[in-house]
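**Q** With the sequences and hints as input, model every part of the structure.
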Amino acid sequence: MNSSTPSTANGNDNKKFKGDRPPCSPSRVLHLRKIPSDVTEAEVISLGLPFGKVTNLLMLKGKSQAFLEMASEEAAVTMVNYYTPVTPHLRSQPVFIQYSNHRELKTDNLPNQARAQAALQAVSAVQSGSLGLPGAPTNEGTILPGQSPVLRIIIENLFYPVTLEVLHQIFSKFGTVLKIITFTKNNQFQALLQYADPLNAHYAKMALDGQNIYNACCTLRIDFSKLTSLNVKYNNDKSRDFTRLDLPTGDGQPSLEPPMAAAFGAPGIISSPYAGAAGFAPAIGFPQATGLSVPAGLGPGALGPLAITSSAVTGRMAMPGTGGIPGNSVLLVTNLNPDLVTPHGLFILFGVYGDVHRVKIMFNKKENALVQMADANQAQLAMNHLSGQRLYGKVLRATLSKHQAVQLPREGQEDQGLTKDFSNSPLHRFKKPGSKNFQNIFPPSATLHLSNIPPSVTVDDLKNLFTEAGCSVKAFKFFQKDRKMALIQLGSVEEAIQALIELHNHDLGENHHLRVSFSKSTI
Numbered sequence: 000m001n002s003s004t005p006s007t008a009n010g011n012d013n014k015k016f017k018g019d020r021p022p023c024s025p026s027r028v029l030h031l032r033k034i035p036s037d038v039t040e041a042e043v044i045s046l047g048l049p050f051g052k053v054t055n056l057l058m059l060k061g062k063s064q065a066f067l068e069m070a071s072e073e074a075a076v077t078m079v080n081y082y083t084p085v086t087p088h089l090r091s092q093p094v095f096i097q098y099s100n101h102r103e104l105k106t107d108n109l110p111n112q113a114r115a116q117a118a119l120q121a122v123s124a125v126q127s128g129s130l131g132l133p134g135a136p137t138n139e140g141t142i143l144p145g146q147s148p149v150l151r152i153i154i155e156n157l158f159y160p161v162t163l164e165v166l167h168q169i170f171s172k173f174g175t176v177l178k179i180i181t182f183t184k185n186n187q188f189q190a191l192l193q194y195a196d197p198l199n200a201h202y203a204k205m206a207l208d209g210q211n212i213y214n215a216c217c218t219l220r221i222d223f224s225k226l227t228s229l230n231v232k233y234n235n236d237k238s239r240d241f242t243r244l245d246l247p248t249g250d251g252q253p254s255l256e257p258p259m260a261a262a263f264g265a266p267g268i269i270s271s272p273y274a275g276a277a278g279f280a281p282a283i284g285f286p287q288a289t290g291l292s293v294p295a296g297l298g299p300g301a302l303g304p305l306a307i308t309s310s311a312v313t314g315r316m317a318m319p320g321t322g323g324i325p326g327n328s329v330l331l332v333t334n335l336n337p338d339l340v341t342p343h344g345l346f347i348l349f350g351v352y353g354d355v356h357r358v359k360i361m362f363n364k365k366e367n368a369l370v371q372m373a374d375a376n377q378a379q380l381a382m383n384h385l386s387g388q389r390l391y392g393k394v395l396r397a398t399l400s401k402h403q404a405v406q407l408p409r410e411g412q413e414d415q416g417l418t419k420d421f422s423n424s425p426l427h428r429f430k431k432p433g434s435k436n437f438q439n440i441f442p443p444s445a446t447l448h449l450s451n452i453p454p455s456v457t458v459d460d461l462k463n464l465f466t467e468a469g470c471s472v473k474a475f476k477f478f479q480k481d482r483k484m485a486l487i488q489l490g491s492v493e494e495a496i497q498a499l500i501e502l503h504n505h506d507l508g509e510n511h512h513l514r515v516s517f518s519k520s521t522i
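Okay, so the sequence shown: first residue is 0 according to numbering that gives the first Met the number 0, each after it adds one.
No lab work stands behind these hints, which were simulated from the structure alone. Remember, predicted model here, so these are calculated numbers, not experimental data. Among the hints, a few may not be true.
For lysine-lysine, the following DSSO-like pairs were computed, each having C-alpha atoms within a straight-line distance of at most 30 Å [what the hints assert, rightly or not]:
{"hint": "1", "residue 1": "K184", "residue 2": "K225"}
{"hint": "2", "residue 1": "K473", "residue 2": "K419"}
{"hint": "3", "residue 1": "K401", "residue 2": "K62"}
{"hint": "4", "residue 1": "K435", "residue 2": "K419"}
{"hint": "5", "residue 1": "K401", "residue 2": "K419"}
{"hint": "6", "residue 1": "K365", "residue 2": "K401"}
{"hint": "7", "residue 1": "K419", "residue 2": "K431"}
Cβ-Cβ distance ranges computed for the label pairs, FRET-style [said to hold, decoys possible]:
{"hint": "8", "residue 1": "T457", "residue 2": "K431", "range": "23 to 33 Å"}
{"hint": "9", "residue 1": "C23", "residue 2": "D506", "range": "52 to 62 Å"}
{"hint": "10", "residue 1": "D107", "residue 2": "R409", "range": "28 to 38 Å"}
{"hint": "11", "residue 1": "D196", "residue 2": "E103", "range": "19 to 29 Å"}
{"hint": "12", "residue 1": "P35", "residue 2": "F362", "range": "33 to 43 Å"}
{"hint": "13", "residue 1": "G416", "residue 2": "H512", "range": "20 to 30 Å"}
Every residue, glycine too, gets a C-beta built ideally from N, C-alpha and C.
**A** This is the structure:
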């Protein structure tokens, strides 16, 4: 079986991109490289769990490699596609995954397979519900017929605001989240969250109960709810029905998050929970706390042998191998539309979440770009908010780059204007320490906040401006107290992203340049 290890594995250890070696055709058997020597079978299995049933495992410890067999090729393809832009990590070490040349794993006659088989049996027992979960009361330990798809979540040690979006982002990794209701009871922030399927609720509880959302704080306590279904009347920042986008917002009491939530980079799960601006030092320093990244010797509060690794749980949000304050401020942005993307467009878009210093669109592969932010926290914030969004018809992916800086082309080097230095741009939003802009960082939304509008500009002027940029304007309103500001609602989030790129800093005359941001409100 050892001969099956592709011969190029060792020579190519440090190359992340699949293009560096002839890719095998899809197979339900996956070949994993660079596995830390102390990793358990269950940790390797956990990389595959979110994508489907794991049917076999072969660990080659001496070579730091493993083979993982999924129940179906489809599950393996989903897993490889998921982990291509987001390198998974075990014990804070990057692990590389590709299809194996093998179509199935035959391990019956191999020595030392007992532990792998025991780990597989433990996982499949939990999957089929024949095994009590650790920590669950015995009567709820198995997936009983009629088990609720609704989880009750209590968040302890709430040092930083946790929003409905943050919960949606974390729990979506385990299945389709249909509804969320958040509330405060007994002075504790709580939520009810309904999955499409009780099995998803079961896995989420298993993986996340006792975990911290941010470093060393915001601890999740999860139980099954007695409710089997939630009734959501309003879609706002307190409650959301993801199956009914037509619900009214209601009066929604004032937003749960104080404006500081944004300064703390609220939806940046696992990221250091502050935006790293001068004047916004973290309220509490937590060196080397590991947020949701489980296995480092599976510390207290982590989940025994079935711990789902952070990479699968939190996907691109996990900051591997760091105590939550990663060093790199350069992002690799992939899957761009090479015909429409420009350095200036990326500068404006990523500039919503931090100050962009340099942008390089790759000369030979124009769907990829490097974006250098002012610091690592801004890079993390931009990555959390923009990865997965659609831009010019393609789903953009952002991950941390292995480059520490974007190099400018040498004198006379042909570059087609694909590398731009913006470090002295007057358009940086976050230059001033403690700027109000730190409080207004929101995820991309179909509603844009406009400001710096001169008195002579009318509703129709602004609507026409957006219509000419190719947007469908659904609603518009000036702020009552201040006509310099307005909200405009467009046909989709993608339209709003493109409008922001095109119209932020648009000259409205009278020495006024339009400022465009994403809004947390709807009209």
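**Q** Compare the structure with each hint and give your call.
**A** Hint by hint, here is what the structure shows:
Straight-line distance between C-alpha atoms of K184 and K225 comes to about 17 Å, which keeps the hinted pair within the 30 Å bound. As the CA atoms of K473 and K419 are separated by approximately 35 Å, the hinted pair breaks the 30 Å bound. Our distance criterion of 30 Å between C-alpha atoms is met by K401 and K62, whose separation comes to about 24 Å. Distance hint between K435 and K419 is fulfilled; the C-alpha atoms sit about 27 Å from each other, no more than 30 Å.
The hinted pair formed by K401 and K419 meets the criterion: a straight-line CA distance of about 19 Å does not exceed 30 Å. The hinted pair formed by K365 and K401 meets the criterion: a straight-line CA distance of about 18 Å does not exceed 30 Å. A threshold of 30 Å between alpha carbons decides the hint, and for K419 with K431 the separation of about 23 Å falls inside it, so the pair holds. For the pair T457 and K431, the beta carbons lie near 31 Å from each other, so the given range of 23 to 33 Å is met.
Between C23 and D506 the C-beta distance comes to about 53 Å, which sits within the given range of 52 to 62 Å. Evaluation of the 28 to 38 Å hint for D107 and R409 yields a failure: the beta carbon distance comes to about 59 Å. Taken as a hint, the range 19 to 29 Å holds for the pair D196 and E103, whose Cβ atoms sit roughly 28 Å apart. Between P35 and F362 the beta carbons are some 36 Å apart, a value that agrees with the proposed interval 33 to 43 Å.
Between G416 and H512 the beta carbon distance is about 23 Å. The supplied range of 20 to 30 Å therefore holds.
Taken one by one, the earlier hints fail for this structure at numbers 2 and 10, listed in ascending order.
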